[in-house]
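In my numbering, the protein residues as written are 2 to 313.
Derived from the structure by calculation, the hints contain no laboratory data.
Yeah, the Cβ is synthetic: ideal placement off N, Cα and C, and Gly gets one too.
Keep in mind that a hint or two might mislead.
Quick list of the computed label-pair ranges, beta carbon to beta carbon [unchecked claim]:
1. Gly259 to Ala59: 44 to 54 Å
2. Pro98 to Pro200: 30 to 40 Å
3. Pro47 to Glu163: 13 to 23 Å
4. Glu103 to Gly259: 38 to 48 Å
5. Glu31 to Glu264: 17 to 27 Å
6. Arg227 to Ser275: 17 to 27 Å
7. Arg159 to Pro3: 31 to 41 Å
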Amino acid sequence: MPDALSVFETARPRLTGLAYRLLGSWAEAEDVVQDAWLTWSTAAQPDPAAAGIVNPDAYLTTMVTRRALTALDSARVRREQYVGPWLPEPVDTRADPALGAERAEALDLATLLLLERLTGPERPAVVLREAFAYDYAALAEVLGTSEAAARQLVSRGRRALEGHRRQRVDDTERARLLGAFVAAAQGGDLAALEAVLVPDAVAISDGGGLASAARRPVHGADNVARFVLGVLEKFGQGVRSIPVEANGTVAFLAVTDGPEGVEPVALWSLDIGSGGVRAVHIVRTPLKLARFTAAALTPITLSQIDLQPGRL
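With the hints as extra help, turn the sequences into a complete structure.
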């Protein structure tokens with residue numbers, strides 16, 4: 002029989018992906034999983050079967066889910082005191098495009114931000130069902146409830162998100178909209194940029210009170226277009242933009258060359274739906290950027306797109 006360590010290490014990517022979807026923070030997700038390991042390493046010795054653990058997957062998932070929900074309660078208190086808008090921590094997904102899940106759902110920044118609408122067991126119910134393909138029997142076991150109650154939790158969670166989820170676009174249309182946005186930003190073309198945005202588009206900047214960022218979301222296509230061009234003109238000098246993969250989609254990491262090497266300035270990502278660009282997300286919080294940059298730039302060259310004043 003596999004020992005406790007091998008069982009846990011096999012499950013670690015999935016457990017971390019689950020905790021990240023629930024918390025929106027990679028650092029906090031790793032802390033939750035490590036805490037679960039400390040409990041597991043004692044409870045499952047010498048091996049799970051000998052310790053009487055019939056279903057290690059359910060046991061580990063339940064531990065991580067409960068710990069993540071406890072951590073989420075504390076996180077919500079901190080986010081109420083957060084300076085300006087909060088965005089989930091971006092992660093590099095090149096090595097694991099779905100972050101341990103069977104499906105990539107609930108991974109991009111827009112969807113993670115949307116999940117903030119869900120509270121209590123609805124959040125893990127939706128995540129486990131949609132991203133990890135749990136059937137209702139397994140879901141009920143993890144959540145400690147009946148199959149009927151598990152179905153109700155998923156249904157309530159999905160209803161709470163109705164009207165806020167974007168319609169999916171295929172890769173060709175996504176590439177077209179992304180290219181149009183970048184071209185308009187590069188050219189400083191306000192009308193073209195506004196045209197690629199949906200009428201109720203929003204721009205959200207996360208500086209965490211530690212970096213310059215808008216203290217409130219910017220709403221409306223015209224306002225968002227002006228905001229984007231203004232940010233690029235004001236902060237574009239000496240900055241270059243590197244295409245990266247963040248949370249399963251193309252994003253742009255703005256960097257400068259400092260005395261100690263590359264220094265991140267901002268991570269730009271777009272929420273693209275069938276009607277156009279729905280949201281512009283700009284992460285500027287130093288710790289979030291530092292962790293992402295350390296992971297995203299290690300294997301790639303840094304001689305890519307120059308970001309001139311007013312350029313993306």
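Outcome of the hint check:
At about 48 Å, the beta-carbon gap between Gly259 and Ala59 stays in the expected band of 44 to 54 Å. With their beta carbons about 32 Å apart, Pro98 and Pro200 fall inside the hinted range of 30 to 40 Å. Range check, Pro47 to Glu163: about 48 Å between beta-carbon atoms, so the 13 to 23 Å window is missed. At about 41 Å, the beta-carbon gap between Glu103 and Gly259 stays in the expected band of 38 to 48 Å.
At about 24 Å, the beta-carbon gap between Glu31 and Glu264 stays in the expected band of 17 to 27 Å. The hinted window of 17 to 27 Å between Arg227 and Ser275 holds, with their beta carbons roughly 24 Å apart. Roughly 36 Å separates the CB atoms of Arg159 and Pro3, a value that falls within the hinted 31 to 41 Å.
In the structure shown, a violation is registered for the earlier hint numbered 3 alone.
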